[in-house]
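Participant: Which chain is which? The protein sequence lines are A and B, in order. When we follow my numbering, the leftmost residue of the first sequence carries the number 1, and every step to the right adds one. When we follow my numbering, the leftmost residue of the second sequence carries the number 1001, and every step to the right adds one.
The reader is advised that the hints may include incorrect statements.
As the list claims (entries may be wrong) - In silico contact screen, one side only, chain B against chain A (beta carbon under 7 Å); selected entries: (1) Arg1127; (2) Asp1212; (3) Ala1220.
Stated by the list, open to error - Pairs of lysine to aspartate or glutamate residues, derived as EDC-like cross-links and limited to a Cα-Cα distance of at most 16 Å, are as follows: (4) A:Lys171 to A:Glu81; (5) B:Lys1126 to A:Glu178; (6) A:Lys171 to A:Asp32; (7) A:Lys93 to B:Asp1097; (8) B:Lys1126 to B:Asp1166; (9) B:Lys1126 to A:Asp141; (10) A:Lys168 to A:Asp141.
What the hints assert, rightly or not - A short list of chain B residues far from chain A (calculated; beta carbon distances all over 10 Å): (11) Glu1059; (12) Gln1067; (13) Ser1215.
These are calculated hints, taken from the structure and not from any lab test. The C-beta atom is built at its ideal place from N, Cα and C for all residues, glycine as well.
Here's the letter readout for the chains.
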Amino acid sequence: MITFHRYVRVLAILLMTSCVFAGTSAAQTKPDPNAAPNVFVQQVADLSLEALKNDSEVRAGNTARINQIVDDVLLPYINFEKTTRLAAGRYWKQATPEQQAALVKAFRATLARTYSGAMTKIGSSTTLKTMAFRGEADALDVVVRAEVVQTSNSQPIQLDYRLEKTPKGWKIYDINVENIWLIENYRNQFSQQISQNGIDGLIAALNQRNQK
Amino acid sequence: MHARMLRTLSGTLAVLTLAGCATQTLGPANPADPWESSNRAVYNFNDQIDKAVLKPVAEAYAFITPQPIRSCINNIFLNLGEVWSFINSSLQGRHEDALNTMGRFLLNSTMGIGGCFDLASMNGAKRIPNDFGVTLGVWGVTSGPYMVLPILGATTLRDGTGKIPDIYFNQYGYGQLIQNVDLRNSIYGFEVVERREALLTVTDTVNRTALDPYSFIRDAYLQRRRAQVRGANTEAQKLPDYENFEDVPADDKALGITPKP
C-alpha cells in the first residue's frame, strides 16, 4: 500500500514537472486586461492554476498561503470591492469607509477559502477552458463561459465569469459555478447578519469563519 | 411494510414541524421561504443524521475505494438516470436535449461499458440533468415555498411533488428489475452512500465558506432550479441584476461606466 502511494506521488511529480515545462510559455504570459474578455480570463486562469498547482503548501491545504497567492496573483484582475459592494446591496452605503474596507478584506479571505477546499482536488491534469465569447464587442458588462476538467472520466464543472470594463481594462467581479452566482448567493446571508448584528457583526462573523 | 414506513415518516414529520415552531428565523422574512422555521428544524435534523451516519460512511467508502472505481460507479448510477432525464426533456419539448441525452445513454451503455466510462462527456456531449420538478416548472407551475424534507433535503413544493415520479421511476422502477430483495435493498443503500460521497467536496466547501449554511444551500438550490427551468439556451442571457438594489455609485458614473440595461 505504501509503495503504491509513493509510486503515485512520484508519478504525480513527474506529470507536474512535465506540465510546468509544457506550460512555461503560456504560464508566463502576463494577463492582458485589454484583450478580448475570454482571452483575458483564460490567461488569468492559467496563471493562477499554475501558481496553485506548483505550490506544495497549497496542495497541503495551507489557507494563509492560498490567501497570499490570491492576493499576489489574482488581485490585480479582480474587483473585490465591487463583489463585496453588490453582495452587501443597499447596506453598503450605511457602512463607513473603514467598515467597507474591513468587509472587503474579510469577504476576500472567505472566498479564498473556497479555493483551499478545491485545491486539494486539483491535480496536474486540471485545466480550465474558456468558450468563444458571444457577447457584443462594445459591451461593458460581459460573461465568459468556461469549463473545468479535473479527471478525464468525470463531468466537467461549468464555470462562468462576469467581467466589467474599466478604464484599466477588464476586471472580474462575479463567478458562477454550476448555475449559481456567487454574489447572489451571499446577498441573503449578508442581509441576515447585518439586520441582526450590524455591519460590524457581519465583518466579525466573516473573520470568525476565516479562522476556523 | 410501505404503510408502516409512511406512518413513521408522517409521525416524524409532525414532530419536526412542531419542533420547528420553537426555532427562530434569522433576519428579514424571505418571501421564497415562508416555512423557514420548520425548514430549519428539518435541516438541523438532517445535518445531525448526516454528521452521525451518512458522512462518516461516505468518507469510509471514499477512503477504501480508489478514485477511478468511484468515478466508474458514480457514472453507472448517473447513466441509469439518463432514461428519466430523456423522458423529461421530451415532456418539456426540449427535443435537442432529449436527443443528446438518449445519444449519451446509448453510447455510454455500450462503448462505455454499462455507463462506467462517460465517453459522451469526453466527446463534448455533456450530461443534461433533468427531472419532473423541472418539467412541472416548464409547464408553468411556480416553484411554491421552499421546503427541506427529512433525508431528501432541499426542495420546493413543486419539486418535492416532482420527486414522487422521479423516485418511482429511478429507484422503484429499476428496483423491480432486481428479483432478489436483499440485493435490491443493498443497492438502494449503496446508492445513498455513493451519492453522499459524490457530494463530499461540495458540503465541505459550504461548511468552510458559508456564513449560514442553511441560507447558502437554500439560495443555491433555488438559483440552480430557476436556471434549470429556464433552460441552458436562455441561461447565458439571464444575468442577475444587482444594481436594482442600489444606485449606480457616483465614482462609477464619473468614470463613465454604466450598467448595461
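Participant: For every hint, state whether the structure bears it out.
Facilitator: Tested hints:
1. Arg1127: At 6 Å from the nearest chain A Cβ, arginine 1127 (chain B) passes the 7 Å test, so the hint holds.
2. Asp1212: Cβ of aspartate 1212 (chain B) sits 5 Å from chain A, so the hint holds.
3. Ala1220: 5 Å, holds
4. A:Lys171 to A:Glu81: 11 Å, holds
5. B:Lys1126 to A:Glu178: Roughly 13 Å separates the two Cα atoms, so the pair holds.
6. A:Lys171 to A:Asp32: 11 Å, holds
7. A:Lys93 to B:Asp1097: 45 Å, violated
8. B:Lys1126 to B:Asp1166: 21 Å, violated
9. B:Lys1126 to A:Asp141: 27 Å, violated
10. A:Lys168 to A:Asp141: The hint holds at about 14 Å.
11. Glu1059: The assertion about glutamate 1059 (chain B) holds, with a minimum of 14 Å to chain A.
12. Gln1067: 7 Å, violated
13. Ser1215: Given a closest Cβ separation of 5 Å, the condition is violated.
The structure shown violates the earlier hints numbered 7, 8, 9, 12 and 13.
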